[in-house]
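**Q** Sequence order for the protein chains is A and B. Under UniProt numbering, the first residue of the first sequence carries the number 1, and numbering increases by one thereafter. Under UniProt numbering, the first residue of the second sequence carries the number 1, and numbering increases by one thereafter.
None of these hints come from the bench; they were simulated from the model. As the structure is a prediction and not an experimental result, all values here were calculated from the model. For every residue, glycine included, the Cβ atom is placed at its ideal position computed from N, Cα and C. A couple of the hints might just be wrong.
[To be verified] Anything over 12 angstroms on all C-beta distances counts as not near chain B; from chain A, calculated:
id: 1; residue: Arg16
id: 2; residue: Gly57
id: 3; residue: His63
id: 4; residue: Asp79
id: 5; residue: Gln85
id: 6; residue: Asp94
id: 7; residue: Gly153
id: 8; residue: Lys176
id: 9; residue: Thr202
id: 10; residue: Pro225
id: 11; residue: Ala254
id: 12; residue: Arg315
id: 13; residue: Ala333
id: 14; residue: Gly335
[Stated by the list, open to error] FRET-style restraints, in silico, Cβ to Cβ:
id: 15; chain 1: A; residue 1: Asp75; chain 2: B; residue 2: Val98; range: 49 to 57 angstroms
id: 16; chain 1: B; residue 1: Phe140; chain 2: A; residue 2: His63; range: 42 to 50 angstroms
id: 17; chain 1: B; residue 1: Val98; chain 2: A; residue 2: Pro173; range: 37 to 45 angstroms
id: 18; chain 1: B; residue 1: Met218; chain 2: A; residue 2: Pro173; range: 42 to 50 angstroms
id: 19; chain 1: A; residue 1: Arg60; chain 2: B; residue 2: Trp194; range: 22 to 30 angstroms
id: 20; chain 1: B; residue 1: Arg198; chain 2: A; residue 2: Gly35; range: 30 to 38 angstroms
[Stated by the list, open to error] Computed from the model, here is a short list of chain B residues facing chain A with C-beta under 8 angstroms:
id: 21; residue: Ala9
id: 22; residue: Phe182
id: 23; residue: Arg187
id: 24; residue: Ile188
id: 25; residue: Asp189
id: 26; residue: Ala191
id: 27; residue: Ser193
id: 28; residue: Tyr199
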Amino acid sequence: MAKITLSDLRHSYAARPIRDDDWALKHLDVEWRDGGAYALLGPSGCGKTTLLNIISGLLRPSHGRVLFDDRDVTDLPPDQRHIAQVFQFPVIYDTMTVGQNLAFPLRNRGVDEATVKARVAEIGEMLELSGMLDKRAKNLTADGKQKISLGRGLVREDVNVIMFDEPLTVIDPHLKWQLRSKLKELHQRVRRTMIYVTHDQTEALTFADQVVVMNMGEVVQIGTPVDLFERPQHTFVGHFIGSPGMNVVPCGIAGGQATVAGHTIPVANPVAAGDVRGRIEMGVRPEFIAFDPGGLPVDIVKVSDAGRFRIVDTRLGDHSVKVLVDEGTEIPADGARIVLRTDNTRLYADGWMIGAGRDAGRGDAGQGDVA
Amino acid sequence: MNKTVNQKAWFFVLPVLLLVAFNAFIPLMTVVNYSVQETFGDNTFFWAGVIWFQDVLHSERFHAALGRQLTFTFTILAIEIPLGVAIALCMPRRGIWVPVCLVTMALPLLIPWNVVGAIWNIFALPDIGLLGRTLNGLGFDYNFTRQPGDAWFTLIAMDVWHWTSLVVLLAYAGLVSIPDAFYQAARIDGASSWAIFRYIQLPKMKRVLTIAVLLRFMDSFNIYTEPSVLTGGGPGNSTTLLSIDLVKVALGQFDLGPAAAMSLIYFLIILAMSWLFYTLMMRNEDQ
Numbered sequence: 001m002a003k004i005t006l007s008d009l010r011h012s013y014a015a016r017p018i019r020d021d022d023w024a025l026k027h028l029d030v031e032w033r034d035g036g037a038y039a040l041l042g043p044s045g046c047g048k049t050t051l052l053n054i055i056s057g058l059l060r061p062s063h064g065r066v067l068f069d070d071r072d073v074t075d076l077p078p079d080q081r082h083i084a085q086v087f088q089f090p091v092i093y094d095t096m097t098v099g100q101n102l103a104f105p106l107r108n109r110g111v112d113e114a115t116v117k118a119r120v121a122e123i124g125e126m127l128e129l130s131g132m133l134d135k136r137a138k139n140l141t142a143d144g145k146q147k148i149s150l151g152r153g154l155v156r157e158d159v160n161v162i163m164f165d166e167p168l169t170v171i172d173p174h175l176k177w178q179l180r181s182k183l184k185e186l187h188q189r190v191r192r193t194m195i196y197v198t199h200d201q202t203e204a205l206t207f208a209d210q211v212v213v214m215n216m217g218e219v220v221q222i223g224t225p226v227d228l229f230e231r232p233q234h235t236f237v238g239h240f241i242g243s244p245g246m247n248v249v250p251c252g253i254a255g256g257q258a259t260v261a262g263h264t265i266p267v268a269n270p271v272a273a274g275d276v277r278g279r280i281e282m283g284v285r286p287e288f289i290a291f292d293p294g295g296l297p298v299d300i301v302k303v304s305d306a307g308r309f310r311i312v313d314t315r316l317g318d319h320s321v322k323v324l325v326d327e328g329t330e331i332p333a334d335g336a337r338i339v340l341r342t343d344n345t346r347l348y349a350d351g352w353m354i355g356a357g358r359d360a361g362r363g364d365a366g367q368g369d370v371a
Numbered sequence: 001m002n003k004t005v006n007q008k009a010w011f012f013v014l015p016v017l018l019l020v021a022f023n024a025f026i027p028l029m030t031v032v033n034y035s036v037q038e039t040f041g042d043n044t045f046f047w048a049g050v051i052w053f054q055d056v057l058h059s060e061r062f063h064a065a066l067g068r069q070l071t072f073t074f075t076i077l078a079i080e081i082p083l084g085v086a087i088a089l090c091m092p093r094r095g096i097w098v099p100v101c102l103v104t105m106a107l108p109l110l111i112p113w114n115v116v117g118a119i120w121n122i123f124a125l126p127d128i129g130l131l132g133r134t135l136n137g138l139g140f141d142y143n144f145t146r147q148p149g150d151a152w153f154t155l156i157a158m159d160v161w162h163w164t165s166l167v168v169l170l171a172y173a174g175l176v177s178i179p180d181a182f183y184q185a186a187r188i189d190g191a192s193s194w195a196i197f198r199y200i201q202l203p204k205m206k207r208v209l210t211i212a213v214l215l216r217f218m219d220s221f222n223i224y225t226e227p228s229v230l231t232g233g234g235p236g237n238s239t240t241l242l243s244i245d246l247v248k249v250a251l252g253q254f255d256l257g258p259a260a261a262m263s264l265i266y267f268l269i270i271l272a273m274s275w276l277f278y279t280l281m282m283r284n285e286d287q
């Protein structure tokens, strides 16, 4: 069990990185507390797996250090770091039984047979594999095999962190949900640090206490699922999390507030026009917009049904704004007007939320909450 | 809906049927035909029953040739399979050396068989061949045309040189199909190199190795051209393998009946042993 610190981490697969694009990981300073459940969320190619392999020791970072508690493990090979990893495709040892698979990491480390037996029985019980310990592992279904991979991590008492690299990719949809709840339950039971890599926001948000959102090799925000939803630090987070994603509308600034198509819209983070540079945008989630006769006039373009709610495509001036309303809500036919909830409407400069400070989103995970 | 019943579809299988008939079935039946008849020339044949089969099965000459054949086949299998796997394990899995290694490995397989025999014959000549001269120069009394032991050594060295590449290529194909995650997981699980070989690489290579063993078994059991060019079965009968003996009986002595009976027994042995190998190696697949 350990706190994980990534200090001034950079990594490039190129021998001599020159351009900004050469870096798979641009710059990372993160501290993860012991026993937390973290998710690394981001699109394919954003550096999640690179980061995971650096923590597990399969990759050595080009720059920076990895610390477990206060011990520098940057140069240690994976087997000396006391970590476990569950891969995208189930890794099992074909010729062994389920029980032998679970015992493998212990036997490799010369643990005595009595302890091995006890641990295997205990983990088998925990993962609901008890009945099949003597079965050949290769005959299990994909979710059974993933459980074995996970079990090989849990079976060792000294594991600092268990990492999951998109572990549900090959699992049938109806079993995904089950296995995900199982993971969550296991985390509460064993209280080991777990890091879960995924590009699926549902998986990340349901599994983790803290979600690390990555894009283009850098961390854009670390926060609780609620933070990411209500206070996205970057327009990317707004887009990537939520369905549909956050409305991001180019805007001007007047009197500290946003101006769009000649309307002044009050925001949660007012700023003087002279204090910011770059591309200014206003971000507000469709959930925080409502139809109200006293609001801004919009044209309705399209209404789509999405089960319990409806997504209304509107135009505010030249800009598209999506509004999410409950199933039963009446949508005005003409002269629709919308109101944006001020607390959840924010200004962004070059993608980053104004007033939050870029470091706030990247610092200690425990302080990811920046209102 | 009414189904139209006609048998015209059978014509579609006719070409294949004809091909198989002319390619395999009719020649084989000719041999069966010879094996139960006796001829004194003049193209007249007499029914002989199973007498040739009895003769061959009780013939010491056949036993000796079969013994030599089994010794040869199992020796080269015992060398080529482990050696091939070992070389495949040493080959790089990515980078510019991959094609270099693959082409180098494939070279011996591209040489015509009688040329391989000729190369080794000259290479091993005790007075002018590089190998023969060198061995004699080092103080070994080496002469593959006179000493049976030396003939065997040369024969096996030639086969290993010629065919280990096949095992290497097959084993290598098995190795590169293993995803990196398996090696990474094994490293995390603290597995030793031996454990990685035993529990990851070997099981993943099992299918291709089964094919390698079968191919090498059948090919080496049928081998004719190379030993025939290298030693011609000699000195004496010491390297007369089954196929060489068969040719001597069929074309040298023109004993059609015994040769046909011998061919059939030869064929059945290969069939039975291939089945045995396959069954043994695939035994645990479906448990």
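**Q** Each hint should be assessed against the structure and marked as holding or not.
**A** Verification of the supplied hints:
no., hint, in the structure
1, Arg16, "holds, 18 angstroms"
2, Gly57, "violated, 8 angstroms"
3, His63, "holds, 22 angstroms"
4, Asp79, "violated, 4 angstroms"
5, Gln85, "violated, 5 angstroms"
6, Asp94, "violated, 5 angstroms"
7, Gly153, "violated, 8 angstroms"
8, Lys176, "holds, 20 angstroms"
9, Thr202, "holds, 24 angstroms"
10, Pro225, "holds, 29 angstroms"
11, Ala254, "holds, 55 angstroms"
12, Arg315, "holds, 48 angstroms"
13, Ala333, "holds, 53 angstroms"
14, Gly335, "holds, 59 angstroms"
15, Asp75(A) to Val98(B): 49 to 57 angstroms, "violated, 29 angstroms"
16, Phe140(B) to His63(A): 42 to 50 angstroms, "violated, 60 angstroms"
17, Val98(B) to Pro173(A): 37 to 45 angstroms, "holds, 39 angstroms"
18, Met218(B) to Pro173(A): 42 to 50 angstroms, "holds, 47 angstroms"
19, Arg60(A) to Trp194(B): 22 to 30 angstroms, "holds, 25 angstroms"
20, Arg198(B) to Gly35(A): 30 to 38 angstroms, "holds, 36 angstroms"
21, Ala9, "violated, 40 angstroms"
22, Phe182, "holds, 5 angstroms"
23, Arg187, "holds, 5 angstroms"
24, Ile188, "holds, 5 angstroms"
25, Asp189, "holds, 4 angstroms"
26, Ala191, "holds, 5 angstroms"
27, Ser193, "violated, 12 angstroms"
28, Tyr199, "holds, 5 angstroms"
Comparing the model with each numbered hint stated earlier shows that hints 2, 4, 5, 6, 7, 15, 16, 21, 27 do not hold.
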